[in-house]
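Undergrad: Spelled out from the first residue to the last, the chains are:
4 protein chains.
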Amino acid sequence: MSSSYGKNVRLSIFGQSHSEGIGAVIDGLPCGEAIDMEEVAKFMQRRAPGRNAWSTPRKEADAPRIVSGLVNGVTCGAPLCMLIENSGMRSQDYDRLRNMPRPSHADYTATVKYKGFADMRGGGHFSGRLTAPLCFAGAVAKQILSRRGIEIGARICEIAGVQDRDEDEFLSAREKEFPVLCDAQGEKMRAAIEAARMDCDSVGGIVEVRAYGVPVGLGDPMFGGMENELSHWAFAIPAVRGIEFGAGFAAARMRGSEHNDTFTMEDGNVKTRTNNHGGILGGITSGMPVVMRVAFKPTPSIGREQDTVNLAEGTDAKLVIGGRHDPCIVPRAVPCVEAAMALAILDAMESGGYYGYAGMPRED
Amino acid sequence: MSSSYGKNVRLSIFGQSHSEGIGAVIDGLPCGEAIDMEEVAKFMQRRAPGRNAWSTPRKEADAPRIVSGLVNGVTCGAPLCMLIENSGMRSQDYDRLRNMPRPSHADYTATVKYKGFADMRGGGHFSGRLTAPLCFAGAVAKQILSRRGIEIGARICEIAGVQDRDEDEFLSAREKEFPVLCDAQGEKMRAAIEAARMDCDSVGGIVEVRAYGVPVGLGDPMFGGMENELSHWAFAIPAVRGIEFGAGFAAARMRGSEHNDTFTMEDGNVKTRTNNHGGILGGITSGMPVVMRVAFKPTPSIGREQDTVNLAEGTDAKLVIGGRHDPCIVPRAVPCVEAAMALAILDAMESGGYYGYAGMPRED
Amino acid sequence: MSSSYGKNVRLSIFGQSHSEGIGAVIDGLPCGEAIDMEEVAKFMQRRAPGRNAWSTPRKEADAPRIVSGLVNGVTCGAPLCMLIENSGMRSQDYDRLRNMPRPSHADYTATVKYKGFADMRGGGHFSGRLTAPLCFAGAVAKQILSRRGIEIGARICEIAGVQDRDEDEFLSAREKEFPVLCDAQGEKMRAAIEAARMDCDSVGGIVEVRAYGVPVGLGDPMFGGMENELSHWAFAIPAVRGIEFGAGFAAARMRGSEHNDTFTMEDGNVKTRTNNHGGILGGITSGMPVVMRVAFKPTPSIGREQDTVNLAEGTDAKLVIGGRHDPCIVPRAVPCVEAAMALAILDAMESGGYYGYAGMPRED
Amino acid sequence: MSSSYGKNVRLSIFGQSHSEGIGAVIDGLPCGEAIDMEEVAKFMQRRAPGRNAWSTPRKEADAPRIVSGLVNGVTCGAPLCMLIENSGMRSQDYDRLRNMPRPSHADYTATVKYKGFADMRGGGHFSGRLTAPLCFAGAVAKQILSRRGIEIGARICEIAGVQDRDEDEFLSAREKEFPVLCDAQGEKMRAAIEAARMDCDSVGGIVEVRAYGVPVGLGDPMFGGMENELSHWAFAIPAVRGIEFGAGFAAARMRGSEHNDTFTMEDGNVKTRTNNHGGILGGITSGMPVVMRVAFKPTPSIGREQDTVNLAEGTDAKLVIGGRHDPCIVPRAVPCVEAAMALAILDAMESGGYYGYAGMPRED
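Residue numbers (our numbering), protein chains in the order written: chain V, 1 to 364; chain C, 1 to 364; chain S, 1 to 364; chain P, 1 to 364.
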C-alpha cells in the first residue's frame, strides 16, 4: 500500500500487469483546465512498448479512457479517473516463475510481504506497465503547467557509459524518438543497446529532466523541500537507483568557491550565473531551471540463465526468463521522469503556502 | 511548512538558529521502550560543532531536555517532546546579510517565499543547527531498532575526492571521531579539509549508511517504497545534492548480467550473493543490508568575497561572510544520515502493513 | 478535492452522477482476504434506488466491476479498483438548474468554488449516487472485519419523529427491506414518508449503527480518536447534519452518576454495565459495542415551488425541481452508515499502533 | 499516536498532565501575522481552571512561552512552538488508581493500549489539561482569521437541561465570565452546577459556536467537507459525545419544505433566508455563519463511591476518586470549541484548493 501520493494534487494508481485494467485517479486538480487528449496520447506514446528495436514487442493500445473529472474536455474539480483496459496478456509466461524469483525483480520481496497472495503475473502491480498511468497523470500536469509558463523536458544523459553532449535547445530532445541532444551520441547508445540485446543482456543509463519557468518560492524547508518531493515521486518509477539535483554527486568533489552560484541582477530579476544548485535552495525553487538526474539500473530481465532459488523447495535453482524484454528501459523512462517532475511541481503550486505567498500574495 | 514527516512515527521539528530554543516532537513511538539518554547524548555529540578543527567554533550545549513522552526513561505512548535551549547566539553577524543573500544558501528563496518575514538570523529554520533535533529523533529510533536486531551505521565515503577504503567491519566507523574505515585515507581527507580552510574555501563529500538486520518486507510498492521514504527523510539534511541506493549511479554503467543479484539459500534463508540492489527490491526490503549513499555539496559559507545582489537596491553587490563556518560539514553529517535511515525504517516497521504482513509481530 | 481518506486503508472515490462511470480505489487492504462478490452486491442493493415507493425511480444497475486488486476473488495487496458504468442518465432534467441553485443543495457552493466549471448534472460529484462506491468499499471492509469477529449493523432509529423500538437482536434489522427493529413502528415511518411524498415534501431521520466484537485498543487519543475518525468518514455521506456516540446529546442532560459506565468483571473480561460511552473511552475502543447515531436532514429536492436566485441575472427567482426524488433518503442511508463504520474500524485495525500494541496480531 | 492534525496548518500537541511541560507546535502558519500575546493569554484564561466555583481548584499558571516561530511577535513562517511548564502537580492523588480504572475515563483503554506503560498521572496525555495548547493554537488562529474578517464566538447553549435564550449579539457571550446570552438562564445553570457539586455529582451541557464572515468556498466535497474537518478537530476535546451543524438533529424531524434554506439576493450577494444548513452546503461554506453545536457529557470524576474493577487482581472493586474536579466542564470548554472552529477554518483557508479556486487570493 502506498500507491497514492501528493498533498494537494493526489495521484492514486491502480492495476496489475494482468488485471482487467490499470489506471489512475487524480484528486485535487485545479478546475477549468482544458486537457488536450491528443497531446496526452502523444506523450503516453513516448513510453509505450513495442515501437522499436529496444523495447518489448508487447503491443499496448494504452488508450486512456476518461471515466470522470472532465466535462467537455475541461477539468470540473471532481477527481479525474482514467482507465486503460488490459489486453494481450500472456500469463503463461510467468506461471513457472511463481516459486522462482527473478534476480533483481520484486518477485521475492512481494511474495514474502504479501504472503504468497501477490499477483506477480507480468510483474503485477510492480510492473513497468504501471508507469502508463503515471505518464497519463504527468501529461495532464504538464499541460496545466505549460499554461502557467512552465515547460518540462527530459533527455537521455547516458546509456551504457555513452554520454549525450550538450547541443541545441535542451527541450528539443523530448520531441525525438530517441531523446538525446546529440544524435551522433544517440546512435552510439543505440548500438550499445543492440549489442546488449545480441548478448541476451541489458544496459542501464541516466535521464536528465529540467523544468523551465518555475517561479521562485515553490517548496518548503526540511521535509517539504522540492528535492524531498521530487525524489519521492521519481522513486516510484521502477529501476531507479539514484537521484541528484544540479551538480549532484559531482558537487561532492567541488570546492565551495567553485560550486557556489553567485547572484546577479538580470533585467531586474535575481538570477544565478551558474546553476549548480539545480534551481532549488533550501528546498525552495529559486527561479532557475530545476534540474534532476535519475539513474536507471540495467533491465533485470535478461535472456541468460541465472541463479535463483526455488522458494517452495528451499533449494538453489536455475532460471531462464522467457518472454521478451527491453534490453534497455531508459528511452521509455524519459517521459516517466518528466511526469514525476510535472506532478511534484503542480502539487507544490497548488499548495496553500504557495498561493499564500505568490498568488500574488495577500497585501496585508 | 512541512517540517514534519512520517506516517506512523511522525517527527515534527521546530526552532530557528536564534530562536529561544529548538527541538522535536515525535508522535507514534511504540510504548515501553527504554531510552538511554546518555547514549542519545553521545550520538548527538557526533554532530555537535566546535569539537575540532573542521567544525565551526560555536559551542552548543545541545543538552536535550525531555519535556514529555517518557516516564522513568521509558516511552509511555504520548508524544515525546525534546527541547534544546539556544544560547551563544551572535545575531549581529547576520544583520548585514538581510538584503545580501549568500550564494547557495536559502537566504534568497526564503526571503521571497516568506515575504521578508523569514527569520534568517544564523540561517533561521534553514540552519544546519536544526539537524540536532533530527539526530535526537534518530538516536531514539536507533535504540528501538537496535533492540529489534537492526544496527545502523554510516561512514564518510569520500571527501574532496579522497575515497575511503573498505576495511574492517563497516559499523566500526561510526564509533570514530573521524568516521572512516581506513584511517590513512581519513588522514588525507582531513588534510584536504585543512587545505580548503587555509584557502578560505570548503569541500564536499559523500556519506554511506547501512542498516543491518532489517527484516524482509518493509516498505511498499510505488510511492511507498523504502527508497522514496529514505530519500524523503534524507533530503531534510541541508546540503544534500544526491542520493543513491546499492550500486546507485554506477548501476547505470553496468550490464544486467553484472548488476543482477542472484539468489541463493544460506542456512535456510534466501540471500543474494551480491548487494547491488542495496537491500531493496520493488521498494521492499529484501533482508540484505540496506545501503544508501548521500552526496553533500561543499559548505556554501566561505571566507572569500563573493558576488551577490542587494535585494533592497536591486543591484549587484559584493559580500564577505563573517563568522566562522565548517570548511566541510561531511563529518558532522554522518550521524544525520544515520538518523534519517533509522527514522525511515522505524516508521516502516510501525506501519500496519508490515505487521499485517508478518502474520506475526516483531520477535522481541 | 479530498475525495480520498484513510490512513492505512485509503479509499479514493471518483465519478460524477452523469460521468461515464463512478467507482473507488481502495489502497492498503490486507492481502489474502476472499471477497464474496455476491455478498457485496447484496449489500449494495440495500442502498440502490428504485426498489420501492420511497426511493427515486432511477434504476441503477450498480453492477460493480473489479478492475484490479483481486486474484480469483482474493485480495492480492495491490489497490482494489471497482468501476460502475453510468447509464440511464437524464441530464436534461438538470440543465435549467445551472443558474438556479436548488435550496439546501451544493449547487451554489460548488458553482462558486469551481468557478462555474463544476459538473452539476445530477448533482455531479456531490450526488448521493457517489455513496455507491462508499458502500462497495464498506461491503469489502465488512467481510474482512466479519472474519475477525466484528459484526456491524445499522437500523433506522427515527423517521419524521417516529421512533423505532428496541426489540429483537439489534443486528436483525440490517437484513430487512425496511431496517427497523420494530416493524410496527416501521409501518408508521413508511406512512410518514408516503404522507410527505403526497405533499410533494420530504422527511428526515436518524440512523443508528453498532459494531459488535471490536477489540479493546483501537484508536488513539486526541485527533486520532475513533470518534474523530468515525465522524470524518460519516460526514462524507450527503445530508448528514449531526453525529453522536453512546448517550450522545442526551448525555448533556445526565448527571455523572447516571452517565458513568461502571466496570465489572464478566467471565474474566472487563466490561461496563451500561454503554453510555458507546464503546469508546478517550478515543480508544473499550471492547463494548461501538454505537453511533447519525442525523439526516429531509431530502432537499422537493416537488414544490421554491425561492432561489438566478445567478446569471443576480435576481430572485422561483424554482420547481423536476425529476423524481426520494421523499426520504434515510432507508437507503442505512448501509452507507454501516460502510462508514466498517471503513473507520478496518483502517484503525490496520494501523501499526494497534498491532504494535497487541503484541499479537489477528489470529488468522 | 495522532496528537497532530491539519493539512496545511498542522497542529502537534504534546505533554502529559504531570510531565515537565505541555505545549504545541503549529506548522504552516502564514507568515507576517502579528500575534498579540496578551490577547492569547486572555483567551487561554477563559479555559484556565481554579477561577471560580465550578472549576477545579488546581491553579495553572498556563503562561505560554514562545520557543520559536515568532520574530518580534510576528510569524516568520517557521513552526511556532509554545511551551507551558507544568507545576503544582499532585501525583499521589492518582497513584492508587493505577489498577482501578475510573468509570468513563480513559484509564482502562489507555492501560490496555499502551500495555501498562501509559502515564496516567492526572489523566496523562488524556487530561483536559491538554486543551490548553489547543486553546493556544486556537487563539493564534483566531487572531489571523479576525484580520481576514472572520469572527468566531461560542456560548453555553445548555447545562443540565437549562437552556440559554437568544438575546443580544451572539458574539457578546464569549466576553462573559459565564458565556451565555441570557444571564438569567446562566444563573439557573450555575445553580444546577452548584447543586450537582453539593451532591458530589456532575452535569453536562451543550456549547454552540459560530463563525461570522467566512467566505464562500472553503472546504471540499466528501471527506474534505467542513463538517468532516470541524468534527475531526472538535472530537479532540475530551468529553465530547456529539456534534451537529445548523439545525442538526432537529433537522431529522423537519420536513424539507421547512428545513430548506431558500436563496435570495441581498445587496448583490447571495444569501439564504434561514440557516438550517449551518453555513455549509455539500461540505463547502456558503457565506452564511458556520454554526456547530457540541454536546459534553457530565464530568466523569465525581465524589461518590463507584463500582470499578481491580485490573491487577481481576476482581470487582469500589473506588472513591480523590482530589477535586470540575462539577461541570462546559464553561471551560467554550474556548476549546472556539479553538477547534478557528483551526479548521484557518486550515481550510490556507489550502491550495481555496486559493486555487479564487484564481486570485482572498480579497483582503
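Keep in mind that the hints were calculated from the coordinates and are not lab data. For each residue, glycine too, the CB sits at the ideal point set by N, CA and C. There could be a bad hint or two in this list.
Stated by the list, open to error - One side only, chain C facing chain P, incomplete, derived with CB under 8 angstroms:
{"id": "1", "residue": "Ile35"}
{"id": "2", "residue": "Met37"}
{"id": "3", "residue": "Gly73"}
{"id": "4", "residue": "Cys76"}
{"id": "5", "residue": "Ser87"}
{"id": "6", "residue": "Met100"}
{"id": "7", "residue": "Tyr212"}
Claimed, not checked - Now the stretches of chain C that chain P is said to cover, found in silico as 3 or more residues with beta-carbon under 8 angstroms:
{"id": "8", "segment": "77 to 83"}
{"id": "9", "segment": "190 to 200"}
{"id": "10", "segment": "277 to 290"}
Undergrad: Against this structure, judge whether each hint is valid.
TA: Taking the hints in turn, this is what the structure says about them:
The closest approach between the C-beta of C/Ile35 and any C-beta of chain P is roughly 12 angstroms, which is over the 8 angstroms cut-off, so the hint fails. The beta carbon of C/Met37 comes no nearer than 13 angstroms to any beta carbon in chain P, farther than 8 angstroms, and the hint placing it at the interface is violated. The interface hint given for C/Gly73 is broken, as the beta carbon of that residue sits about 11 angstroms from the closest beta carbon of chain P, more than 8 angstroms. The beta carbon of C/Cys76 comes within 4 angstroms of a beta carbon in chain P, closer than 8 angstroms, and the hint placing it at the interface holds.
With its C-beta approaching chain P no nearer than about 13 angstroms, C/Ser87 sits outside the 8 angstroms limit, and its interface hint is violated. For C/Met100, the interface hint is violated, since its Cβ never comes within 8 angstroms of a Cβ in chain P; the closest pair sits about 19 angstroms apart. With a least beta-carbon distance of about 27 angstroms to chain P, the hint placing C/Tyr212 at the interface is violated under the 8 angstroms criterion. Under a criterion of three residues with beta carbons nearer than 8 angstroms to beta carbons of chain P, the stated coverage of the segment 77 to 83 of chain C is upheld, 6 such residues being counted.
For the segment 190 to 200 of chain C, the stated coverage by chain P is not satisfied: 0 residues place a CB nearer than 8 angstroms to a CB of that chain, which falls below the threshold of 3. Under the rule that three or more residues need a Cβ within less than 8 angstroms of chain P, the assignment of the segment 277 to 290 of chain C is violated, with 0 such residues.
When the structure is compared with the earlier hints, violations turn up for hints 1, 2, 3, 5, 6, 7, 9 and 10 and for no others.
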